[in-house]
Amino acid sequence: MAREETPVALSKAPAGGAPTPTRWWRSKAAKRFRRNPLAITGAILVAAFAVVALFAPQLSEPGRTCLRDLGATAATMNDINDPTKGLFWRSIFASPEACYTMPRASYSPIPESPSEAFPLGTTSNGYDIAYGLVWGARTAFQIGLIIVGISIVLGLLVGGLAGFFGGWVDEVLMRFTDVVIAFPSLVLAIVIVTILGQTLTNVIVAISLVAWPNYARVIRGEILKLKTLDYVESARALGGRGLRIFSRHIFPNTLAPLVVVASLDMGSVVLTAAALSFLGLGPPVGYADWGQMVNFARNWILGPPGDPLAYWYTSVYPGMAILVFVLGWNLLGDALRDALDPRDA
Amino acid sequence: MFAYIVRRLLFIPFVFIGVTVMIVLLMQLLSPAQRAAAFVSSDAQLKNLDAIIEQYGLDEPFHVQYASWVGEALQGNLGFSTASSEPVATTIRKRLPASAELALVSLIPVIGLGIWLGTLAALNRDRAIDQITRVGAIVGWSLPNFVLGIWLLVLFYGGLGDVLRDFAGGAFRLEPGRVSTEVAIQIANGTFPIRTNFLLIDSLLAGRPDVFWDALRHLILPVITLAATSSALIMRVMRSSLLETLSQDYVRTARAKGLRDQIVHFKHARRNALIPVITLAGFTLIFLLNGVVITETVFNYPGLGRWFASAAVALDYPAIMGFTVLTAFIVVVGNLLVDVLYAIVDPRIRYG
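Those protein sequence lines, which keep their order, are chains D and S.
At position 42 of the first sequence the residue is numbered 42 (the numbering used here), and the sequence of numbers has no breaks.
For the numbering used here, add 1000 to where a residue sits in the second sequence, where the first one is 1.
Chain S with its partners taken away, still in its complex shape:
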């Protein structure tokens, strides 16, 4: 096991070099002046773009530029984002917790719902409940997250907005954003201390259940939006994986021994059926990044995704590049974690 992980760890730098080379190579399609914008943070600098191109060697050959880019990046300098009016590294540090909170909370319904419905469908194969969940999964899988998000807002923020505002003093209001105005003011004037910027954690640390509920309430609609597609996917994989396991000889043996269905299904079959699902769940976290960009834009949620979307529209290249490098990092580390997880749950990999 230890050797396996070390082998995988040694592989990381190669993947990372490959990805960053690709990104820097893509950026070469831009003119040096466009790339020089990465280092401009004031009007005075804008006037001598040529000096900046000279200083950072933006018209040098590719390998020189790549080396200097890596050098800067290693020192934490990823350029200046015009979309957020601050250095890229600062924006990432500030906004990452918000996006991570959204993605991690979404993972709960994705895995829970996916495994539960998938098991239900497989154990009731070809019965009504199976047909319904299968059709539901295909519809969920086809439902674009930006459409779902807007429909949810039209329904709950628009249509039911007045009702929810009056009900229980507005405790169940569903609205865009990350917190309500009252909490936002408390954060701005320092009444509510920000420690980790994971609001769910910060509110518990500060002993403020009202803020906890406020943040959680703002997560409801975005989480539904983000989780719909992925839970449909997990459900389908869980169903077919469990069906395959149920047809294996060892399951028949267990049945022949006279074990109760309950034990055969959940102890013998489902444990093995979960192996592909666990791998998929790991990749789902990576692919939630796609959804995060859309969902945060729909719900005006102040995370990395919305920043990236607005940077893309404004052609803020340093921000685009910074987000891409971060994505590459998440992809590489995520893949490693999936591999390790896979080795833990499936001994055949470890000793194979």
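Excised from the complex, chain D in its bound form:
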């Protein structure tokens, strides 16, 4: 294999000597990122969603069961907005399951248009759309981060073993990876969810099982590239053992490409989860989840005679939420790739 110089390895200061410390925000990559308007847009979108997800309890009025499970009464209810009170922190970091259920304005199957009490209206069965969007951001982040986390671990395991041992181990693991990658991911995820049972946990398991091959490939590729570099060879010559070389010298240098894949994946993973919910294979009915809300909207494509667009809010708001969330991550991931990969700059 040809000895390629990797931009990633170069960004680290060489060991020994007295390297001038370059702060990461002054690096060329960071400059390229800052100068790209699409990158800034993506970062702002993702940050905005993160704020909404984190402060969901403050941004929406919690339902009765949610407050009860938080241990709040009508008298202490306003403490939820007061950072000096325990309830504020409990609602953010230990929100009970009940808070993820959208409160219902009524039990009417017919949506209600936006009003004072429900600024974005209600969808089928009286579910509050605004509440669903805000807590849906939390659901999206949770699903995305957990799945990407699991996929990275699986990818490290498979890609790491394949790249490090090579030979038949590599051959077997990578052919298996090829098969999983070749299979349409949504179809495979649907099959796994139907076999394991329809719960949010199983949705996460199913998507993780179809999302890891990308990471395995990236990690294997980086390892093969890094293995031949002088500094890794010298670490080996100094008597470094496999795991130590991997964790000290190789893994830190796979981080940059890993971050790119992960941020592009955050969008597509949440999209797959939303697609499963849309098909009715996601979390239970009433769970704050954008895909499910788009599924509700399917019944309200046609308004009453004479007013065909009467129920536009049932499909426009949840659809926009998914689109903008995925767009934010894709812009961010794209910009990171451009910034970290000087070839294309």
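In case anyone wonders, no lab produced these hints; they're calculated from the structure.
Note that CB positions come from ideal geometry on N, CA and C, so glycine has one too.
Heads up, a few of these hints could be off.
To give an idea of the chain D side of the interface with chain S (calculated C-beta under 8 angstroms), a few residues [as the list claims (entries may be wrong)]:
#, residue
1, Ala-182
2, Gly-267
3, Ala-274
4, Ala-275
5, Phe-278
6, Gly-280
7, Leu-281
8, Arg-298
9, Leu-302
10, Pro-308
11, Gly-319
12, Ile-322
13, Val-326
14, Leu-331
With chain D held as given, fit chain S onto it using these hints.
Relative to chain D, chain S alone:
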């Protein structure tokens, strides 16, 4: 070339065995009684599930079950689908043409639009048109097909529905389904003969332009939905591939010879730039399967995708399994075709 194809063909059975083993293995997570449902088609049979488990050896060890599953599948018996109330093999045979028609028609805008816009963006690098198409591609790539489909229906079936119904006698109505009610009645009572179940072909064979237009009109919105994501992808790959080719030495040589831009761009650069795009287009057809499941569900289009989606919700395991095996088959054959195509367009592969 011939040896190359033969080598690839020999590889197919191995991949297929691998995939089916994986699927049957996954199915082992279900209880024998759940899997016995595959063979139940009447109430009487439902009463002796134990007899069925015994008869088909559903509690036997894995390798025995795999062998018997392959045996049944080779005879065309894939079980009974409760979602469509008929044998799985029958449903696949009936619905495959509808889905294939949708996917193949979608491939036209995917490839055409993708290559055209990608070329346009690359040749106008960093100018306004490049920026616009690039942002458009990222938005298109981020737009979930189920959201796009529903928005299109809200807009054209809901909002503009009344207008389109009155305009030109309803010739431009856009609505869910595969055909309008009038044509559906003609198909049901045999006035319109179904030969291949590709309606676009059947209508031409029967000399019925009205049915051809009816079927085509029903494909418009689903095709837009299905094609949006993939054409964005092809466009991006086309752009970066053409940019890379344009920076090659042989292109500079061609320019230095004094050739016109037109010839350099389209004869020298684009031909080579198309190589990765052609491969990607092959894979796109496989990945349209994901979109087909969603799009057919949104538009009530009577194809395999909608059947699979409803089977998944109803836990109709024989149908799920049948669709998965079919998908595996498409993946394997699709990959082979991509490889062969790749060898045809890129001589370096053939002789490498």
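Tested hints:
Interface restraint check for Ala-182 (chain D): the shortest CB-CB distance to chain S comes to about 5 angstroms, inside 8 angstroms, so the restraint holds. For Gly-267 (chain D), the interface hint holds, since its Cβ comes within 8 angstroms of a Cβ in chain S; the closest pair sits about 6 angstroms apart. For the restraint placing Ala-274 (chain D) at the interface with chain S, the shortest Cβ-Cβ distance is roughly 6 angstroms, inside the 8 angstroms limit, so the hint holds. Taking 8 angstroms as the C-beta contact cut-off toward chain S, the hint placing Ala-275 (chain D) at the interface holds, the least distance being around 6 angstroms.
Given the 8 angstroms rule on beta carbons, the hint for Phe-278 (chain D) holds: about 5 angstroms separates it from the nearest Cβ of chain S. Below 8 angstroms, beta-carbon pairs count as interface contacts, and Gly-280 (chain D) has one with chain S at about 5 angstroms; its hint therefore holds. For Leu-281 (chain D), the suggested interface contact is upheld, since its CB lies about 6 angstroms from the closest CB of chain S, less than 8 angstroms. A hinted interface residue such as Arg-298 (chain D) counts as satisfied when its beta carbon comes closer than 8 angstroms to some beta carbon of chain S; here the least separation is about 6 angstroms, so the hint holds.
Evaluation of the Leu-302 (chain D) hint against chain S yields a held restraint, the C-beta minimum of about 5 angstroms falling below 8 angstroms. A least Cβ separation of about 4 angstroms between Pro-308 (chain D) and chain S falls short of the 8 angstroms threshold, and the interface hint therefore holds. The beta carbon of Gly-319 (chain D) is positioned within 8 angstroms of a beta carbon in chain S (closest approach about 4 angstroms), and the interface hint is therefore held. Interface restraint check for Ile-322 (chain D): the shortest CB-CB distance to chain S comes to about 5 angstroms, inside 8 angstroms, so the restraint holds.
The criterion of a C-beta within 8 angstroms of any C-beta in chain S is met by Val-326 (chain D), whose closest approach is roughly 4 angstroms, and the hint holds. Hint on Leu-331 (chain D) holds. Least Cβ distance to chain S is approximately 6 angstroms, under the 8 angstroms limit.
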